[in-house]
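Asks: Listed here are the chains, written in short residue letters.
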Amino acid sequence: MIKVFHCADIHLDSPFSLFSPREAEKRRTELRAAFTSALMFAREIKADIFIISGDLFDGEYVTRDTRDMIVREFAKSPEMKIFISAGNHDPLGAGSPYENTEFPENVYVFGGEREVVSLEDLGVDVYGFGFTSKDYRQSPVAGWSIRDKSRINILVCHGDTTSANSDSGPITKKDIHDSGFDYIALGHIHKPSGLLSENGVYYCYPGCIEGRSFDELGYRGAMCGTVEKGSVDMRFVRFSKSRYEWITVDISKARDKMDALDIIRSAIKQYTDDTALRLTLKGELKNAFLILPNEIGRGCEYPYYIEIEDKTFVSPDLSELEGKNTLKGVFCGKIREEMEKYDADSEEYRVLSLALKYGIAALDDRSVVDYSGGDR
Amino acid sequence: MNVRIDKISVVSFGKLKNAVVTPTSGINILSAPNESGKTTLASFIKFVFYGFAGTRNHGITDNERKLYTPWSGETAEGSIDITADGVRYTVHRLCTPSGKESVEVVNRATGKNEFVGAVPGEALFGVGEELFAKTLFFKQLTLPQSKDELIAERLRNISISADEQVGTKKAVERLKDCKNELVGKAGKGIIPSLIRERDAIEENVTANSENRREIMRLRAEIKSRNIKLADNLEKSAVLEAERENIEKYEAYLRLCNINRLAVEEKSVREEYESASSALKKCGDNEELAYLTAVNTELFAEKRNLEYLERSLSESENELTDVKKRLDECDIEKAKAAKDAVKRGKTFFKIYLPIALVFIAVTVALIFAVSKPLGLIFSVSGVILSTIGAALSLKGTPKKFGFESISDIEKTISEYPSLKANLDSARKRKESAFDAVKSSRNKCLELSSDIENAISDFIGDAEIENTSEIIEKIRVLSADIAKKRALYEAKKSELNNAVSGVDVESLAELARNATEPKRDRIIVERELKFYSDQKAMLSELNRRDELELASVEGRTGDTATLIGKRDSLENMINDLTVKHKAYETAIKFIEDSSDYMKSMAAPIIGERADVYFSTATGGKYNGLEIDTRLSMTVGEDFRRSCDYLSAGTRDSAYLSLRLALADMLFEGCGVPIILDDAFVRIDDERLKNMALAVGRAAEKHQIFIFTHGSREADAFSESGVGFGEISIKTN
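First to last, the protein sequences are chains A and B. Going by the working numbering, the first sequence opens with residue 1, and the numbers climb by one from there. Going by the working numbering, the second sequence opens with residue 1001, and the numbers climb by one from there.
Treat the hints with caution; some may be incorrect.
[To be verified] Cβ-Cβ distance ranges computed for the label pairs, FRET-style:
| id | chain 1 | residue 1 | chain 2 | residue 2 | range |
| --- | --- | --- | --- | --- | --- |
| 1 | A | E99 | B | R1542 | 18 to 26 Å |
| 2 | B | A1535 | A | G230 | 57 to 65 Å |
| 3 | B | K1188 | A | T172 | 57 to 65 Å |
| 4 | A | R64 | B | L1540 | 22 to 30 Å |
| 5 | A | R64 | B | D1532 | 29 to 37 Å |
| 6 | A | Y342 | B | K1185 | 28 to 36 Å |
| 7 | B | V1020 | A | Y342 | 55 to 63 Å |
| 8 | B | E1569 | A | E340 | 28 to 36 Å |
To be clear, the hints were calculated from the coordinates, so they are not data collected in a lab. We put the beta carbon where it would ideally sit given N, CA and C, even for glycine.
All chains should be modelled from the sequences, with the hints used to inform the complete structure.
Replies: Now the structure itself:
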């Protein structure tokens, strides 16, 4: 029985372009910290094998801080064997971060050749394969030949089980079914899959270690546990310090901005300063008002980042008389008429929708400033 | 919907408590001193129909709920009885101190609650609270005293937006401010700034890409050289080991040589010592030459002695012989024999002629008779003659003891010389004897010398043959000298070999040495090659590392830059959309404004003209609002409203608002509340204004709240009917 720590899709040095440059740098630091925490945890539980199933880096550009951190942290665990397979984001090759990083001796990076590393003292054979370009259209799980079935056989690779036509190493259940491995440590899918099994072959996507966008909601982490012949026991451990969440709040009952802020604050009270929150506002509003993220609230009781996706539609309660005989009524009528020409998902529609809101707010003598934009 | 207020009942609202007002359907004038509750009553009317406004505002003056919370702290509550299109309703509203409001519109005929869920004001008047407040609720608003442009603007605002505070210009300016803040003139604004920042970052990213290629090239070079250096190090280590082994092996060889030399030195020393033991001392050339010379002299002397002794012996023999011959020489007998021989010879002389005759006969016979007979005869005669002669001569010396006649003669002839010889022999013998004696002495002397000399070499050993001994000494000395030389040479060689050498250290150094496969010079040459290569590679690496540090120093982290660039890009995109939205809003407001100017302004102007003409007593006819929203008056001579007096402008303003109410609520009567709306209009104009209001009252229920009697007087003097109302409390 061996102790295995399995993580994937770390995406170190992600640009975090969603955020302001300052916040993005903070998030990159947090991502490094999450990865460091994972390594510390693996050391603490005395993991025999530490697996990174691809996309350790987000791309070819890696900061010196990151390289130094990785080398330093890996070197702290000389007794722990670290296996890395290059993923579609960080394929092995000229200019790859792997080429420019001097890994300690306990680190083994799988490249384009299918390889097997035998750990005689553990009775384990670790098979692995890594990407050498962004696309790989063959199954990284199929086509292996197990050298010694009496040993614990682990496969480390990056691949996609969601589509047989994937450009990122398509993997079918049959591939897993027929593979004969004891455990397949997969990477690529950022949502944790939990421990799965197919014909006695256990496999798992641990998900990304820290969410990086609103496509990766909730707390994230890695899998750790034990692998022995015929039995795998892996559990999820959270390492992300923060999370992304995305909620929709209907503020149609708000008569004014104050009402809307109260409704929003009530709806997001479970999200505190470890959360980056995308807030989709919806509803038909009688009055036009603009809500800036920093007006919702700041401090430990509020998300550290709030992004407002305003999908409310302003529909002033204008009587027929008002619609025809007032500037606001005519303005609304003209904008709505124009909006009907466009698809609701088009940029033109969004511009007109915003223009409607800005115009009404301006005609109502309200603030039309809508570009706090975050600090830079 | 025609709406008329029949009764206002205040339970509790601001300073009013249990107050009741019962208005007429036309003009109602409430005259009361300041702070008596007129404005509160006006606000109560709006409260009942629309509820409180600005409840979120913190300031009391902006927050109606705070402003009109009953002084006693009770619930704000009250009702208004109305008749709407002939149906009588009671609109009841309350607002608890906590802010909970409830409203109901009860049909007084049926008792049913109607318009449930709707805002009563919106349902009854067809306008929202905002428009109600702006069009029907004239709260002490007056035009400014000066700033004609502002007045004109307000009038324009009223004409197209029903709100003198906000209009096209202000709204557009507000939007333009935002738009210009995003994209200003001459490259100013947030978006251009962000674009510049993004472009600068993009340039950095591009520069970084080039730098990165350079960094990668330098890293690759350094890495390649490091591999070579590692290989160099490895090979150098092998060569160093090889050289070390060579040094060890050389030490080993040196050690072996020393050991061999020591063994050889010991061997030759032993040989030398062994050889040396054969002689007491080793003779040198001089000594050996001396020995040889002495020995040679001795040898010569001995030979001389032998010769002398032989001479002596010969002399003695000669003497003996002479003596013997002399003793043997019997001169008497010889003489007798000589005589006898003499006689024999005489006989022989006789016998010889006979023999010759006989020979002649023989020859004759041979030739004459027969040859065989002659020969026999001759032979027999010769034989017989010879025998006879021989017998005659031979017998004579022997008779005397001589061998022959010659012997006799010899004896006789030698005798004198023998005598002389005897003396001579005696002398020679004596001389020889002396010589022998002298030679012997010399031999003895030389022998003594040589024995002494030899004994220096060989001790007391018996000397038999000096030559042999000397030769032996020579041989031994030569051998000793040779072995000593050999020994000394070996010793010197050994000394040279061990000179300055710590043998133990050498032995330690030589430990584990193996025989080198290559010469030291080859190894040294290769080592030098690798050393030079290492120096060259290290120097190149040092230069490239400096260059790398320099390039890295001027290269930002691309990942960070790209993150920043993408972040800026997103912000630019987002703000660009907003900028477009501002532009769009401005455009549509301006379009709407143009529309309003072209469509609404003339209608309002036409209606306002009626009121304005009345309000100015016919002085100003033809109030018009053109498409530029410039108000002009006068049918014959148009002049801008900007040139009117303040009071006239107020009249125009009021006329415009009444016209607006007409237009908005066309066909419907609604209550219009004028709260201290005539304060700046002088008495004369007020009378005319009363006529205008009276015209409006034909359609609408008018409430005039004033703090004095001036309005009532003016209306009376103008003949405009009105009802005076008061706030009655229970």
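Asks: Could you run down the list of hints and mark each one as holding or not?
Replies: Okay, the hints, checked on the actual structure:
Judged by the Cβ atoms, the range 18 to 26 Å given for E99/A and R1542/B holds: they are separated by roughly 22 Å. Distance hint check: the CB atoms of A1535/B and G230/A are about 60 Å apart, consistent with the given range 57 to 65 Å. Between K1188/B and T172/A the beta carbons are some 58 Å apart, a value that agrees with the proposed interval 57 to 65 Å. For R64/A paired with L1540/B, a C-beta distance near 23 Å keeps the hint of 22 to 30 Å intact.
Between R64/A and D1532/B the beta carbons are some 34 Å apart, a value that agrees with the proposed interval 29 to 37 Å. Evaluation of the 28 to 36 Å hint for Y342/A and K1185/B yields a pass: the beta carbon distance comes to about 30 Å. Between V1020/B and Y342/A the beta carbons are some 56 Å apart, a value that agrees with the proposed interval 55 to 63 Å. Between E1569/B and E340/A the CB atoms are about 31 Å apart, so this pair conforms to the stated range of 28 to 36 Å.
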